[in-house]
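Engineer: Can you build the whole structure from these sequences, using the hints too?
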Amino acid sequence: MHRQLMKGNEAIMKSAILAGCRGFYGYPITPASEITEAAATYMPQVGGVFLQAESEVAAINMLYGAASAGVRAMTASSGPGISLMQEGISYMAGAELPCVIADITRGGPGLGNIASEQSDYHQVVKGGGHGNYHTLVLAPYSVQEMADLTALAFDLADRYRNPVVLLADGFIGQMMEPVEFPQTATEPCLPQWAVAGTAESRRNVITSMYLDTDKLEAHVRQLEAKYFIAEQREARAEDWRTEDGEIILVGYGIVARILKGVAAEARAAGLPVGVLRPITLYPFPTLHFQRLVSRAQVFLVVEMSNGQLLEDVRLALNGARPVEFLSRVGGNTPTHHEVLAATQELARRHLTAAPAEEEWIVHV
Amino acid sequence: MSSEPEITWEVARSKPASFYSTYERKDELQHATHYCPGCGHGIIHKMLAQAIDDLGMQDRTVLISPVGCSVFAYYYFDVGNVQAAHGRAPAVATAIKRSRPGSIVISYQGDGDLSAIGSAEILHAANRGEPLTVIFVNNAIYSMTGGQMAPTTLLGQTSTTSPHGRSAAHEGYPLHVSELLATLEAPVYIERVGLGDNRQIAQAARAVRRALENQVRGLGFSLVEILSPCPTIWKMSPVEAQHWVHDVMEKTFPLGVLRDRTQTAQAVPAPDPPPTLSAVPRILGVADTGLPEGLPRVADVPDVNLQMRVAGFGGQGVLLLGEVLAEAGLDAGLEVSWLPSYGPEMRSGTSNCHVRLAREPIDSPLVTHPDVLIAMNEPSLRKFGSTMRRGGWMLYNGETLPEEGSSKDVHVLARPFTQIANDLGDARAGNMVMLGALLEIAGSLPQTSVESALGRLVRNPRWLALDESALAAGRRLMRESRAEVSHAG
Amino acid sequence: MTNTAHRDAGLLRVDASECKGCGLCIEACPPKVIRMDETLNSYGYRTARYAGTGCTGCGICYLVCPEPGAITVLRATRPRQIAGVQARP
Numbered sequence: 046m047h048r049q050l051m052k053g054n055e056a057i058m059k060s061a062i063l064a065g066c067r068g069f070y071g072y073p074i075t076p077a078s079e080i081t082e083a084a085a086t087y088m089p090q091v092g093g094v095f096l097q098a099e100s101e102v103a104a105i106n107m108l109y110g111a112a113s114a115g116v117r118a119m120t121a122s123s124g125p126g127i128s129l130m131q132e133g134i135s136y137m138a139g140a141e142l143p144c145v146i147a148d149i150t151r152g153g154p155g156l157g158n159i160a161s162e163q164s165d166y167h168q169v170v171k172g173g174g175h176g177n178y179h180t181l182v183l184a185p186y187s188v189q190e191m192a193d194l195t196a197l198a199f200d201l202a203d204r205y206r207n208p209v210v211l212l213a214d215g216f217i218g219q220m221m222e223p224v225e226f227p228q229t230a231t232e233p234c235l236p237q238w239a240v241a242g243t244a245e246s247r248r249n250v251i252t253s254m255y256l257d258t259d260k261l262e263a264h265v266r267q268l269e270a271k272y273f274i275a276e277q278r279e280a281r282a283e284d285w286r287t288e289d290g291e292i293i294l295v296g297y298g299i300v301a302r303i304l305k306g307v308a309a310e311a312r313a314a315g316l317p318v319g320v321l322r323p324i325t326l327y328p329f330p331t332l333h334f335q336r337l338v339s340r341a342q343v344f345l346v347v348e349m350s351n352g353q354l355l356e357d358v359r360l361a362l363n364g365a366r367p368v369e370f371l372s373r374v375g376g377n378t379p380t381h382h383e384v385l386a387a388t389q390e391l392a393r394r395h396l397t398a399a400p401a402e403e404e405w406i407v408h409v
Numbered sequence: 224m225s226s227e228p229e230i231t232w233e234v235a236r237s238k239p240a241s242f243y244s245t246y247e248r249k250d251e252l253q254h255a256t257h258y259c260p261g262c263g264h265g266i267i268h269k270m271l272a273q274a275i276d277d278l279g280m281q282d283r284t285v286l287i288s289p290v291g292c293s294v295f296a297y298y299y300f301d302v303g304n305v306q307a308a309h310g311r312a313p314a315v316a317t318a319i320k321r322s323r324p325g326s327i328v329i330s331y332q333g334d335g336d337l338s339a340i341g342s343a344e345i346l347h348a349a350n351r352g353e354p355l356t357v358i359f360v361n362n363a364i365y366s367m368t369g370g371q372m373a374p375t376t377l378l379g380q381t382s383t384t385s386p387h388g389r390s391a392a393h394e395g396y397p398l399h400v401s402e403l404l405a406t407l408e409a410p411v412y413i414e415r416v417g418l419g420d421n422r423q424i425a426q427a428a429r430a431v432r433r434a435l436e437n438q439v440r441g442l443g444f445s446l447v448e449i450l451s452p453c454p455t456i457w458k459m460s461p462v463e464a465q466h467w468v469h470d471v472m473e474k475t476f477p478l479g480v481l482r483d484r485t486q487t488a489q490a491v492p493a494p495d496p497p498p499t500l501s502a503v504p505r506i507l508g509v510a511d512t513g514l515p516e517g518l519p520r521v522a523d524v525p526d527v528n529l530q531m532r533v534a535g536f537g538g539q540g541v542l543l544l545g546e547v548l549a550e551a552g553l554d555a556g557l558e559v560s561w562l563p564s565y566g567p568e569m570r571s572g573t574s575n576c577h578v579r580l581a582r583e584p585i586d587s588p589l590v591t592h593p594d595v596l597i598a599m600n601e602p603s604l605r606k607f608g609s610t611m612r613r614g615g616w617m618l619y620n621g622e623t624l625p626e627e628g629s630s631k632d633v634h635v636l637a638r639p640f641t642q643i644a645n646d647l648g649d650a651r652a653g654n655m656v657m658l659g660a661l662l663e664i665a666g667s668l669p670q671t672s673v674e675s676a677l678g679r680l681v682r683n684p685r686w687l688a689l690d691e692s693a694l695a696a697g698r699r700l701m702r703e704s705r706a707e708v709s710h711a712g
Numbered sequence: 054m055t056n057t058a059h060r061d062a063g064l065l066r067v068d069a070s071e072c073k074g075c076g077l078c079i080e081a082c083p084p085k086v087i088r089m090d091e092t093l094n095s096y097g098y099r100t101a102r103y104a105g106t107g108c109t110g111c112g113i114c115y116l117v118c119p120e121p122g123a124i125t126v127l128r129a130t131r132p133r134q135i136a137g138v139q140a141r142p
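Residue numbers (our numbering), protein chains in the order written: chain A, 46 to 409; chain B, 224 to 712; chain C, 54 to 142.
Hints are supplied without guarantee of correctness; some may be wrong.
[Claimed, not checked] For lysine to any residue, the following SDA-like pairs were computed, each having C-alpha atoms within a straight-line distance of at most 25 Å: (1) K631/B <-> H381/A; (2) K249/B <-> R247/A; (3) K85/C <-> A428/B; (4) K85/C <-> M459/B; (5) K631/B <-> A386/A; (6) K249/B <-> A263/A.
[Said to hold, decoys possible] Quick look at which bits of chain C chain B covers, simulated, 3 or more residues with Cβ under 8 Å: (7) 65-76; (8) 114-120; (9) 124-131.
Worth flagging that the hints you see were computed from the coordinates, not collected in a lab. Predicted model, so just to flag it, every value in this text is computed and none were measured. Glycine residues also receive a C-beta, built at the ideal position from the N, C-alpha and C atoms.
Structural biologist: Structure follows, in structure tokens:
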């Protein structure tokens, strides 16, 4: 096993190429530009296409073209760029074209700032474009997961013929951690539905248009059936010491890293705290939440946005347990001590057998 | 008995084979197009299909249908079909052509699609010289949506959104896309033709064929703009509409060749063959076999648990210092994380990074309360000094610790590290002097791991030698200073 | 296809089920041998109709026709002449 130190953004691109990605169309934006830069370096060396588009609008439509031609392709962007791509994402979902989009989220709305945030949750997880569709959304929380979930994203995109978004934040994209890669590169075969400029593919058509109302309804129902299967099979979450957890901390991406540190410290102080980390944000790991209801007394959702993940957690629990909320926005990060203090407060309010307050002073 | 020989009739002109015989993708009336009587699209479809037939490239052709009346082009053409979003056909076509260079990609667009919402995409596809064929159907109006004004609408022409007639003062002048694109270097062929009479139509057919031939020859960007009648929206008979193209439209949009570099243009070279799949990990630098040789492996993972913040001005080597430490930790078998500040913050002069080294998996890579702070300048000290954990170490780049920077219960080593590096040969090695001092604190990190990390990150031999001597100087300094290091508080 | 009696160089066929009666072929035809039929096809269009004689086989009607399969133009080809047999001028 060889692990090497690498930035999350670079790990995405290297993993993508190993997974058979041979098309990258993108537009630079902080804090996602390293992905585009890595693509510019490596794509020509592996016989792939790299092209810097004139805009995110063009980039996503180039992705539409590359996917139509049966090539595994991806792009990378952040908040404002993802907003511009929504039209194309809707078209790709409608035309059932696979692709991978890395969203390295920054602060918003508007130009916001370039600090790390999680405010793209709604526009990605709920589908920011028009129409009845979903994107599948994976939320890596380490550089290793940037690599692993990128490979998974391409498989899911092909399996469901649908755009898949890697929703990360500036921290995960910019930081370096040890990472290891598979030692074999894969080359997916040409999908039978692709339009590749060949005799075999001549009869194929890529379109998202169904003029007849009944046909469009049937198409949307077929997409729904596909999403239903994804919901049954693809929901992923990490349970970290939730088995006896009475306070469950909930967060994804960089936040989950902070939560683990807090939970470890709280546990050392005798508090039954666990962390539930959604890895897929769509499909949302609803069952993982419901499984914990019998023991958990309260859930604390921590996010670097204004209550976007919170909505899904509330839906998943459907009122079975109280859901508390801690939010930082603007590019600020919930600190270890902030979350720890909130956890202590929840312990006082919700746990009957909370340790005495004096004990905490020792450990803080 | 007549001496006249028997006459045989041969089909000279009939529906091209590149059309489907019946249009099964249509919901009804599958024997005829959806176009209105006298519509230019049908005429242009036929010349396009005829050219595809004549050039023998039906199997290779990919046609991009736009948004507009020709949105259904894929009902009719028996070729590979891709329908695109409004205006985006050149972007879609670009990626198809680059993905499948052997294909013949045609972007078929109307004037609303190409000259308004898709103006950026067509401009940049043309400017990149994408070897595409663009058929630009200009009827000076948005037809499918019921006759709204287009960028190509003539001055004085009424539409549902310019009911009093287009005025230059209010809506600007008609956009001359072909002339605009002809200012670019890359396009090889741009011609404006019309469907205003027999002669024009015959010329249009020749131009369409040329634009396709150019792509077959591997030449660059070709565009044919076709002035095309829309009897329905123009509220004219088909014959009147045809005359209007000739008599009126052509005055604003003169016909002719605007660019022809087909004689001198070079074919786009074929891409290099891709490497074998087995070579890909090595190309990416992730192959086990491609590692730098002789990496020392430590049998016993050292007992290190470090939460460090490094901060200073850009150019002081803040990030490199952290990276060398993280690389060395990884080499020694530790879990590590390195998180930089980034973006404008980085470019505006200050720079800092979070570094963690530990035997156990690292939870948060964010170091909000460091046990080691390397402050390479005074602002960094002010920013992070107060965040330190009790009992931690603070290395400050200065003769003495400013009063406001002092913190209770931390060890402080204040030295002019930059000056020390300067005496060694280059002030920029100050970061390595500080790293050397730090390594003495985190004493169990093996020297071999530090050396191999430095060797991987600093490729220039002169710099490597300087950095090594700076590291040694830092270690020496720390050893000598240990006794006198203040333990404030 | 043979027609022993015909002397025209061309022959024109209009598919009445595809013709939408736009009249462009009538306008375009150099020898003016296409007319609009008085009757309507099943979709309610009057359709173009070849006068039955005078077609030169130039193909312009085909070129200007917006409907892919509405017009088919045929041209006469005389078989290789047999020795001793003169074709009429």
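Engineer: For every hint, state whether the structure bears it out.
Structural biologist: Here is what the structure says about each hint:
1. Of the supplied pair hints, the one linking K631/B and H381/A holds, its CA atoms being roughly 22 Å apart against a limit of 25 Å.
2. As the CA atoms of K249/B and R247/A are separated by approximately 18 Å, the hinted pair is consistent with the 25 Å bound.
3. A distance of roughly 22 Å separates the Cα atoms of K85/C and A428/B; the hinted pair therefore holds under the 25 Å criterion.
4. Between K85/C and M459/B the CA atoms are separated by roughly 22 Å; this keeps the pair inside 25 Å, and the hint holds.
5. Of the pairs offered as hints, the one joining K631/B and A386/A holds, with about 24 Å between alpha carbons and a cut-off of 25 Å not exceeded.
6. For the proposed pair K249/B and A263/A, the alpha carbon gap of about 17 Å is at most 25 Å, so the pair holds.
7. Beta-carbon proximity to chain B at under 8 Å applies to 6 residues in the region 65-76 of chain C; the threshold of 3 is reached and the given coverage holds.
8. Restraint check on the region 114-120 of chain C versus chain B: 6 residues with Cβ-Cβ distances below 8 Å, three needed, restraint holds.
9. With 8 residues bearing a CB less than 8 Å from a CB of chain B, the region 124-131 of chain C meets the requirement of three and the coverage assertion stands.
Checked against the numbered hints given earlier, this structure breaks none of them.
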